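Novice: One-letter residues, chain by chain:
Number of protein chains: 2
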Amino acid sequence: MSQREDCSDFYKGRAVLITGGLGFLGSNLARRLVELGADVLLVDSLVPDYGGNLFNVADIQDRLRVNIADIRDENSMDYLVRWQEVIFNLAGQVSHIDGQRDPYTDLDINCRAQLSFLEACRRFNPKAKVVYASTRQIYGRPLYLPVDEMHPKRPTDVNGINKMAGEWYHILYNNVHGIRATSLRLTNSYGPRQLMKHNRQGFIPWFVRQALDGEEISLFGDGSQLRDFTYVDDAVEAFLMAGASPAADGQFFNVGGMGPTSLKQFLETLLDVVGSGSYRLVPFPPEKRSIDIGSFYTDYSKIRSALGWEPRVPIAEGLRQMVEYYRQHREHYW
Amino acid sequence: MSQREDCSDFYKGRAVLITGGLGFLGSNLARRLVELGADVLLVDSLVPDYGGNLFNVADIQDRLRVNIADIRDENSMDYLVRWQEVIFNLAGQVSHIDGQRDPYTDLDINCRAQLSFLEACRRFNPKAKVVYASTRQIYGRPLYLPVDEMHPKRPTDVNGINKMAGEWYHILYNNVHGIRATSLRLTNSYGPRQLMKHNRQGFIPWFVRQALDGEEISLFGDGSQLRDFTYVDDAVEAFLMAGASPAADGQFFNVGGMGPTSLKQFLETLLDVVGSGSYRLVPFPPEKRSIDIGSFYTDYSKIRSALGWEPRVPIAEGLRQMVEYYRQHREHYW
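For the record, the sequence lines run as chains Y and E.
If you're matching positions, the first sequence starts at 7 in my numbering and goes up one per residue.
If you're matching positions, the second sequence starts at 7 in my numbering and goes up one per residue.
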């Protein structure tokens, strides 16, 4: 029996809270937890433009609970964390661009609210296991490839700095205050239920949207930049395994992906899956150039050794499922 | 002519702002800048228990300006940063213990206010050079010794996490917004004008106070923990050189010290300088054990190569000057 099957049993009947639960990762995780028989509570504030979307769980709304609240709302969090056995802490401001435009909101959500959320856990639910959604962005422009967890953290934007602090609060509360916490550093995740309304939350959904709309896609630079790509089902499995395993306590892991693949190759695979579309290479705009990180892909051997996780879904297959999903449900995302 | 002399000329007639300017490092830096003929403005909010002390500059008060204001006060900072050529940004909450007890205040000062201060510079004084006072604490418990700048950042308390973010905002504003910024990671600094009223800002001043008061000093653990120690005049020179040198722009440097020396050896040197006193080894209290970092000392070859800085004042000599200062001015610090 693989570790994946073991960890599936773990969630049956278990009280699980997901902050940011109506978003891309949160809703996909919720769907899997409902299948596994968990008692799921989603907390999400539906901040416009942030990714929360009630349609993401509309077909399973009678199999879980939804509580609309903001992670910055300390009193609500003090109550909502109680009695939860596993907490997937996914609420965050995830746009690099929004973080540069409004660094204070980014700081309030990605630093201050993380601290107050952990304080809520410490005071009202110190036995909880917390799994935090971090990001490869904390590494910044790589000094070497693939990037392992020991790589220096040199984030290239405010969002990356605040996520770096938010992650480390979790590790600190594990080390000092006895909460069990794990941080997962996600790379380029993609799949169904990702926000498609604007292009400020990463390039993949925007490429998919443009391809489906038959628009010519602009790729910055020469397209040779390498990336790794994680299909959302693989990312969800990493969260489930981290939530279930004591070996993950106090640890931070790169959740790597398929690749490395060049952006050009990724885009060509996408256009092939969609069956139409085109792209052209354009020079970097100056404001993007200054925070561009060049090639980036992760070494995920740490999580493979500790938890047995590795990505399984090939890029072409993941994109096929993603494209099919949005063809069916376009009106809820465009 | 040494680099130190070069950089001294640089400050003659130059407009210099020091945030936290009434504190330990700030006031010693101010005194040196006044000697060099700089036009010095000190900004300090005199938060009780934080280290700001008007006596630190009482004898030179007609040779500089003092503006009482808090770095969290955005409107005041928007004004005060204007026309300054070099800004030494030393305002901060520096107590590990206070940071654990009140993490939100630590976050407001060491993260949010740093961000708003840099925004003030970007909008109202983008040509400024900013030198930030960071700390070895961002490294946490060392994985190897001596600790160089590439060592992973794994802070062991809230204060260390927030300082890590505060430092990186400076590097970001250098890289993205065109401000010239340098971060100096200080190790154990000591000398005249250090806060002596309580023991929450590091062990050195408290040891000195207890030795001068003839109290038995408690040393946690077996006293074999290694540290490096920087006399404040050496630290001041590092700030001056970083402020004057384009080679420092966008860089972060360990400002190392004399040593490595065991805490026990340091304490014995202190008692020898004082000429009386005693100590005993006591076990770590649990709350200190959880954030203790063991032995720590820095590799300062990066700043030596880039700026020509290295520590010059031996520990016994530094302690002699420190002890003499407090013997003379005890009533302003106890």
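Among the clues, some could well be false.
The list makes no distinction among identical chains, and a pair is therefore deemed to hold if it is satisfied within one copy or across any two copies.
Derived pair list, reagent style DSSO-like, types lysine-lysine, alpha-carbon separation capped at 30 Å [as the list claims (entries may be wrong)]:
hint, residue 1, residue 2
1, LYS203, LYS18
2, LYS294, LYS133
3, LYS159, LYS18
4, LYS270, LYS159
5, LYS203, LYS308
Note that these hints are calculated values from the structure, not bench results.
Since this is a predicted model, take the numbers as computed values, not measurements.
Novice: The structure should be examined with respect to each hint, and the outcome stated for every one.
Specialist: Taking the hints in turn, this is what the structure says about them:
Taking the shortest Cα distances, LYS203 and LYS18 never come within 30 Å of each other, neither inside one copy (35 Å) nor across copies (56 Å). In the homo-oligomer, the alpha carbons of LYS294 and LYS133 lie at most 30 Å apart only across protomers (22 Å), although the nearest pairing inside one protomer, at 43 Å, exceeds that limit. Taking identical chains as interchangeable, the C-alpha atoms of LYS159 and LYS18 are never at most 30 Å apart, the minima being 37 Å within one chain and 38 Å between chains. Taking the shortest alpha-carbon separations for LYS270 and LYS159, only the intra-copy value of 27 Å comes in at or below 30 Å, while the best inter-copy value is 34 Å.
In this assembly of identical chains, LYS203 and LYS308 lie within 30 Å of each other by CA distance neither inside one copy nor across copies; the values are 35 Å within and 47 Å between.
The earlier numbered hints that this structure contradicts are 1, 3 and 5.
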